[in-house]
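Peer 1: Assemble the complex: chain R is given as a structure, and chain F must be docked to it using the hints.
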Amino acid sequence: MTWTLMDKCCNRCWHSPEYPCRHYIRCRLSGPLCHEDVECRVRRSRRLKEIRYGRHGFKINVPLASCTIAAGAHEVYEAVVKEVKSRGILADIHRTGCMGMCYIDPWIELSKKGMPSAIYANVKPSDVPRIIKEYLEGDVSSAFALRNRTGNAKGEDKVPLLDELEPWRNQVRWVSRNCGIVDPESIEEYIALGGYRGLDRALNMRPEEVIEEIRKSGLRGRGGAGFPTWLKWKIAREQPGDVKYIIMNADEGDPGAFMNRLLAESDPHRVLEGMIIAAYAIGASKGFIFVRAEKPLMAERLSKAVEQARKYGLLGDNILGRGFSFDVEVILSAGAFVCGEETALIAAIEGRTRPRQRPPYPATRGLWGKPTIINNVETLAHVATIMAEGWEKFAKYGTEKTKGTKMFCVTGSVKRTGAYEVPVGTTIEKLVVEIAGGPPEGRKIKAVQIGGPSGGCVPASLLSTPIDYETLQKAGAIMGSGGIVVIDDHSCMVDVAKFFTSFTVAESCGKCFPCRIGMKILYDILEKITNGEGSEEDLEVLEELGNVIRSSSLCALGGTAPNPVLSTLRYFKDEYLAHVRSKRCPAKVCTKLVEYWINPDKCTGCGTCARNCPSKAISGELGKPHVIDKSKCIHCGQCYIVCPVGAVEKR
Amino acid sequence: MVKVYVNDKEVEVGEGSYIIDAVIKAGYSVPTLCFFKGIYREASCRICIVELGNGRLVPACAYPVSEGLRVYTNTERVRRNRRVILELILASHKIKCQSCPRKGGFCQLLDLAREYGVEGIPVCAECPLHGNECLLVRGEPCLGPITIAGCGSPCTREGTICIGCRGPITRRDVLVEAARLYKEHKIPLEEVFSKMKLFWNNHPSLDKIYNILLETYNGGEKK
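Listed in order, the protein sequences are those of chains R and F.
Here our numbering is used: the first residue of the first sequence is 14, the next is one more, and so on.
Here our numbering is used: the first residue of the second sequence is 2, the next is one more, and so on.
Next comes chain R alone, as it looks inside the complex (with noise of 0.2 Å):
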């Protein structure tokens, strides 16, 4: 075992987690503080900088979270560890996290003394060892972006510095900071990158202070409604009784947002950080992590996060010797997508199922009773950078109404697919067409859904709407967790409506009559229109249903669940009329309206589609352009996606 800061330096060093000292975390990185010693203090700063440069002067960071190991991230790493074993260099290969540019996953890190620090993307375990050879000559004309220059490397003029990117340049980096950088399994790491700073500060001060700090910091929840969390902190800690509890919401379900599975696999300390001063602003005893058990890495880092804080005394009882007692339990959630609701989310903890009419409030009567706050994974990552950086830093960014930065996960038609952390206030249009790239050529915006399945979509035509709680919400959409698909020309609105309806169909919980009942039919009427059954009235009913819905459920999700189709009807209409009036739909999605037709100036007439058809209704001799018998034609579009020439078209 190497020798590692969080370890004692000498047998002067007292700390423990039964013995806690005040001045552990700042003794961390300029220590020793209790005794002057040479040999320890060069001991120490000799770690940290093996920390930051690797400790034989090459480092080859490759990052292992959900979305790079899907990518083939595993594979790459054990290409890396097996060409370092054959070349017999002596090199550190550091996992780290992902940098939530997903776009170029899974990509490598190689940094070497002397040389620019190069990033390559979408690394194929066969390219690994002409990467590392390339490097180790001197050569990164094949980088995908480097993060320094030296001047010293061949071909560095041509590759681009990671800062002057259009995808890196206009983020601004604040919790995310580190994610791609520090190794998340590791404690060690992420104190000597100036970790546990903010809970040595708020450990300092009062508790009213801290909530005093992050008021003037102006933050609001990240998980969605956008409630100033200090007002919630005040609340719960003006509540009577001894026992409260914190929770932190990790139960990110909607389809296309992962910014929290991203913070929480790679940054994972950070999170518990947060967690930590909430408590003690609160005055919480007990924490709770409720993590989705279909992230599992998620919920792995996260407990093993917690085990080593408690190692080393940053959990448990009085910690750091401030008399401060604060034990943190990681619960795994079923995966429902209504417990990210906080009543649900309490519900289960109890180990019941369902929301329960608020008020009164979790943070006045919460899990089993007692007062209990429920932070989103993002918001409790900006309160640890808030107390370690300060307010001001933090306030500097955002809006008047709106401070600091928020992560948002651009997916959909967008080129450069990722999560981007940007100050809330930037439009839309720099999100998605300066940082995500746009659609793909020949494609244009039609519109972009922010919010998830809860959310609204908002048309191309308003793209220059700052992202903001309220300006969102005027626009018909909610910023919730900050999932954004963009939508391009080449979908119907009708149709994506009924997709996100059928999400929340399949999510309602049940419980109060017109989320269960209301949504079903909603979507029963939707997949009429598709079908090209609908009519005018459906239109009417479809809105006033939809409104209903909003204003008398009994949770968030059936009060936001129209929101979709509400969204699409204020702006799309047009689109719906097509599909009731002469029922053809615009964007040739719904295959029902859709007339398929074989264009006989391509047709070779190969006969795969007369092979393919369900219905047989495409006849014609072998060689001769084939036709398609529109009484027979079941719409099920099969011949389009055979034809190996493109000659069947809808039209």
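Each computed SDA-like pair below joins lysine to any residue, with the alpha-carbon atoms no more than 20 Å apart:
id	chain 1	residue 1	chain 2	residue 2
1	R	Lys533	F	Arg84
2	R	Lys533	F	Ala92
3	F	Lys4	R	Pro372
Only some residues are given here: those of chain R computed to face chain F with a beta carbon under 10 Å:
id	residue
4	Arg369
5	Pro372
6	Cys525
7	Phe526
8	Pro527
9	Gly531
10	Ile534
11	Val561
12	Ile562
13	Ser564
14	Ser565
15	Leu567
Keep in mind the hints are simulated off the structure, nothing from the lab.
Since we're looking at a predicted model, the values are computed, not measured.
Ideal Cβ positions, reconstructed from N, Cα and C, are used throughout, including at glycine.
Peer 2: Showing chain F alone in chain R's frame:
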């Protein structure tokens, strides 16, 4: 004690009580279905929604009162929401009023449906209230099983058959149930059809009703 305004009428209720207590104390009423005082207060049926002064709709049975709370129990918005919710409940409710044990006259759902003008309940649900013998049993082609309720069944009370003056129900499950009844009592469908022509001759869904009735009437034999 907490001061609450129900429909602008001042009323004082004890701390920790709910809106419904204040509403009852003020002399108004709120319809409830799932609420059962002391046993069930989960607010799942949402029929008891009332409007607050700030425009929010909340369930009266589970929303605690606070000082100066303004509650409106019968605004247009509340009534519209209640009506839609009732329609939703009825949409997933098996309307088999003829064989429902509640037909003696204490069906809250039926009362509410009548109050809010929701269609979908047949005259047969009201008819037994007055202790009439079912005319179908006597073999008469009564249109009760497929006519919208709400009249209080004056015709059957006088011993004549229902002739459907309030219009037909177009819900499939009701029609299927009706066809089953007609078949059970061996009433020929042609007689029912001829009665239907009296008031419903120009009804747009008449063909649909014919088809469903015929289908079930004839299709049932196979089973």
